[in-house]
Amino acid sequence: MEKVLESRGLWFAYDDDYVLEDISVSVDRSDFVAIVGPNGGGKTTLVKLITGLLQPTMGTLTVLGGPPAKAGSRIGYVPQFSTMDASFPITVLEVVLQGLFHKSMIGPAWKRDAVEQGLRSLEQLGIADLAGRHFGQLSGGQKQRTLLARALVSSPELLILDEPTSSVDIAVEEDIYELFKELNSVMTILLVTHDITFVSSYVNKVMCLNRRSACHATEEIALERERIAPYGHKVTEIRHQCGL
Amino acid sequence: MDSVIPLYLFTFTAALLSGIAAGIAGTFVVTRRLAVMSGGLAHAVLGGIGLAVFLSFEPLWGALAAALLFVLILVLGKNRLGEREDTVIAALWSLGMALGVLFISLTPGYTVDLLSYLFGNILLVTAKNLFALAILDLFLILGVVLFKKHILYVSFDEEYSAMRGLPVNLMSLLFLGVIAVTIVLLTRIVGLVLVIALLALPASAANLFSRHLTSMMILASLFAVLFNSAGLGISYLLNLPSGAMIIIVSAAGYGAARAVRVLMKRKREAPEG
Ligand SMILES: Nc1ncnc2c1ncn2[C@@H]1O[C@H](COP(=O)(O)OP(=O)(O)OP(=O)(O)O)[C@@H](O)[C@H]1O
Ligand SMILES: [Mg+2]
Chain X
1 MEKVLESRGL WFAYDDDYVL EDISVSVDRS DFVAIVGPNG GGKTTLVKLI TGLLQPTMGT
61 LTVLGGPPAK AGSRIGYVPQ FSTMDASFPI TVLEVVLQGL FHKSMIGPAW KRDAVEQGLR
121 SLEQLGIADL AGRHFGQLSG GQKQRTLLAR ALVSSPELLI LDEPTSSVDI AVEEDIYELF
181 KELNSVMTIL LVTHDITFVS SYVNKVMCLN RRSACHATEE IALERERIAP YGHKVTEIRH
241 QCGL
Chain L
245 MDSVIPLYLF TFTAALLSGI AAGIAGTFVV TRRLAVMSGG LAHAVLGGIG LAVFLSFEPL
305 WGALAAALLF VLILVLGKNR LGEREDTVIA ALWSLGMALG VLFISLTPGY TVDLLSYLFG
365 NILLVTAKNL FALAILDLFL ILGVVLFKKH ILYVSFDEEY SAMRGLPVNL MSLLFLGVIA
425 VTIVLLTRIV GLVLVIALLA LPASAANLFS RHLTSMMILA SLFAVLFNSA GLGISYLLNL
485 PSGAMIIIVS AAGYGAARAV RVLMKRKREA PEG
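Residue numbers (the working numbering), protein chains in the order written: chain X, 1 to 244; chain L, 245 to 517.
So that you can see chain L by itself, here it is in the shape it has in the complex (with noise of 0.2 Å):
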């Protein structure tokens, strides 16, 4: 069923619609400096695929079960506990990918290809993966219509927000879990060691230009776009790996922004005439 539809223009869709999660889950990344969290979250998942291998179901729902245990576990770890977040991401990120590698090891006459978790295959995306996205966009973009000034209020100043009522503990835990199904549902392209770029780089190229959050969401969105389908034609053009395509032309795209960027600021600085 998935070859009725043309390679390009599946690859395009697939650019698409994960840049648009990509932007708007980057732009929360961003702003509110979770790019680590993110990437040890990313890393942690491996635990999920690799149990979901051993007992032989959908690894896809091993991976969400990890990344919201993930969650989970560093915010009882931070607020109950005590304990430093940043330890405890360094904790789960190891231990996720350790736990991983014992169950793929384990799983009897498996010979999972480790490399497309790690680093995805964009032909190893089906068309399940696509929907997901598409609904995963569909529920970011309508909540970020209806809730907009509550995400750039808590964003920008959670205390204020806490002062006037706002149920700030329960967004932050909202505005995690989004970040980990985006991550879940990303990795199946440029894969789990890849995705935080992926999430950070376009975010952080539009917070350049952008004087308004909803602006950089949108801003994000087209560059992940962008990105993503440029890296994914050169990679179907020279036969090179998707993901990592993918994360250099990112990481290009971000070198170029910041370039532009110090134009703009000499020319408006230049002496007239």
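Same shape as in the complex, but just chain X (with noise of 0.2 Å):
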């Protein structure tokens, strides 16, 4: 079976010094896998090589059967911090129809079936309510929605989530998380998160990045559903292995 995601010998500097060195994983369609690690461990880094925001310094990295850069349409993607000003003339469906737009779209109008399932996108993260709102007036938790509605709206076969609920509230989190389980049949997710014992009972695989070395990405920690009884050990035993 085509892999989503592969990487051999991966490497990457920004500078001088390398963030990430020698990954190699394997994500397989309809794994929903956690990516855990400390601070500056590199899991933005390597969200940003997956969708081909930055490139490899070494090694190989395929998503979705090709070179990142050519994956791009087919990923949703929701970025750990939004930088966007807060005064940008933009509204909330229009930042859903990112997700829609691709670069031969020439003109200023929408396709009607297009603004519709902008219009879904925002119903199915309950807030279709804010889709006329200037987006910069929103709260933090309202743009994380909203953001997460762009990367859905495409129905797109890699989600790729970094902290994706650090401002939602509780109840607004466990139904996100709900939603992405029912996602997960039919997409692959991979999300960034500092939860580990929150997500256990979401996710089949943790992969853990450690600073500049990948800790266990080789051999990522096969979580079986079934074993979730003494899932509370083995949280614990991954913290450590993490450096958590």
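You may find that some hints are simply not true.
Facing chain X, a subset of chain L residues (Cβ under 10 Å, in silico) [as the list claims (entries may be wrong)]: (1) 254; (2) 257; (3) 275; (4) 389; (5) 394; (6) 401; (7) 404; (8) 405; (9) 455; (10) 456; (11) 458; (12) 459; (13) 470; (14) 473; (15) 513.
Listed below are several chain X residues computed to face chain L (Cβ distance under 7 Å; list not exhaustive) [as the list claims (entries may be wrong)]: (16) 86; (17) 98; (18) 101.
To be clear, the hints were calculated from the coordinates, so they are not data collected in a lab.
Cβ coordinates follow ideal geometry from the N, Cα and C atoms, glycine included.
Two chains, two frames, some hints: make the complex.
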């Protein structure tokens, strides 16, 4: 079966020092992978390599059967930090529609079914009533949900979430994870998180990235769902191994 | 030939054509936070003007060449050498002006009206200038209509646009190029010291009332035309410097827009009854 993600001996440096060293990972279709690791462990860097925003210094990385740059329109991505300007003139619906935008779309108007798709995606995240609001004036959690809607609107094959719920309230967070679980039947999910205990009942693989070396990246710790019961112990073990 | 057109009509045409360009390019400047870059570029253009005067060819070409060179050095300095953007801007800003002053002082027997380059003079605007502005407006409007979504998304979130395969670097360069050309054409009217306010103030005022990028551009253009016309009108009636008047009116207009915005908010927040 075709791998969704495969890397071999992947190295990456921003400047002179390697941030990722010799990473070899593979992710199968319909996996739900948690990426954990300490601050500065290289999680966001790995995500940016997968989305084609950074290029590997050495090694190979294949995403959805090709180079990352070719996979971009089949990926939904929620970045860790949104650096957007708060007074930028754009509505919530327009933000979501970015997830459907392709460079061949000339002209100012959107097709009606694209708009409907965008509204459906907002509905899925429970914020359909915000569609016409100015994006910059939303609360942090509402912004995150909008960015989630943008990532989901195109029904991507691979969904990459870099701490996507850090600002949403607990009730919404649970709803969103239930949604991820549901979506996982049709898409592969990579989730960067610090809350390994919380996600343990949702994911089927955990990948540890620790500083400059991938801790257990080659042999992802398989967490079979049946073994949930003694899981508390397992979480502690992973924490320990990852230096968390 | 210029004298065939009545002065007031000529002046209003200048206000209209430069207002449209200022509104659209100004929206790029404000939303992409390029105000300081634009100010530096406008000043550095004097280097090109000075060289053109020294070699006695059309100053406009010297200005254009200097503006594009500024963009090129800025982008290379930032992306290739990893130099800080504001440092490059500051250096080019002063260097451009220094070269301009040097070349002008070296020009034998030429007493160039330096003040009119610095602060603009509507009386020195030619029909050719207006024609160039009209072409620029047409280009900008067409570009925005065709590539509205490209412009919107690259401006809003460059990273996500890059992931989805948009040519973000090329587009960023185009934004800078458009701003550079607009600045050069507008400096004839308000001068290179003042041009940045003509770009930034109407667009910032428009931003207060806009939820969409295109409505911001349209409103910014309307504001700019209004500020231009009022500024030129006052300068004509009271015989005051035209460039300075336009900027003073723009600043007042921006202040008024802020006040209206506050009042609108108060009214919305006021308790019923
Ligand atoms: N743009 C950058 N330029 C240079 N170094 C960077 C850059 N971004 C990150 N780094 C460095 O790369 C390393 C990994 O950073 P990264 O953002 O991938 O960590 P992370 O695992 O996502 O951390 P966190 O949990 O805090 O989000 C860090 O040492 C960081 O200092
Ligand atoms: Mg991170």
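Structure-based check of all given hints:
no.: 1; hint: 254; result: violated (33 Å)
no.: 2; hint: 257; result: violated (27 Å)
no.: 3; hint: 275; result: holds (6 Å)
no.: 4; hint: 389; result: holds (6 Å)
no.: 5; hint: 394; result: holds (7 Å)
no.: 6; hint: 401; result: holds (6 Å)
no.: 7; hint: 404; result: holds (6 Å)
no.: 8; hint: 405; result: holds (8 Å)
no.: 9; hint: 455; result: holds (5 Å)
no.: 10; hint: 456; result: holds (6 Å)
no.: 11; hint: 458; result: holds (7 Å)
no.: 12; hint: 459; result: holds (7 Å)
no.: 13; hint: 470; result: violated (20 Å)
no.: 14; hint: 473; result: violated (25 Å)
no.: 15; hint: 513; result: violated (14 Å)
no.: 16; hint: 86; result: violated (11 Å)
no.: 17; hint: 98; result: holds (5 Å)
no.: 18; hint: 101; result: holds (6 Å)
Taken one by one, the earlier hints fail for this structure at numbers 1, 2, 13, 14, 15 and 16, listed in ascending order.
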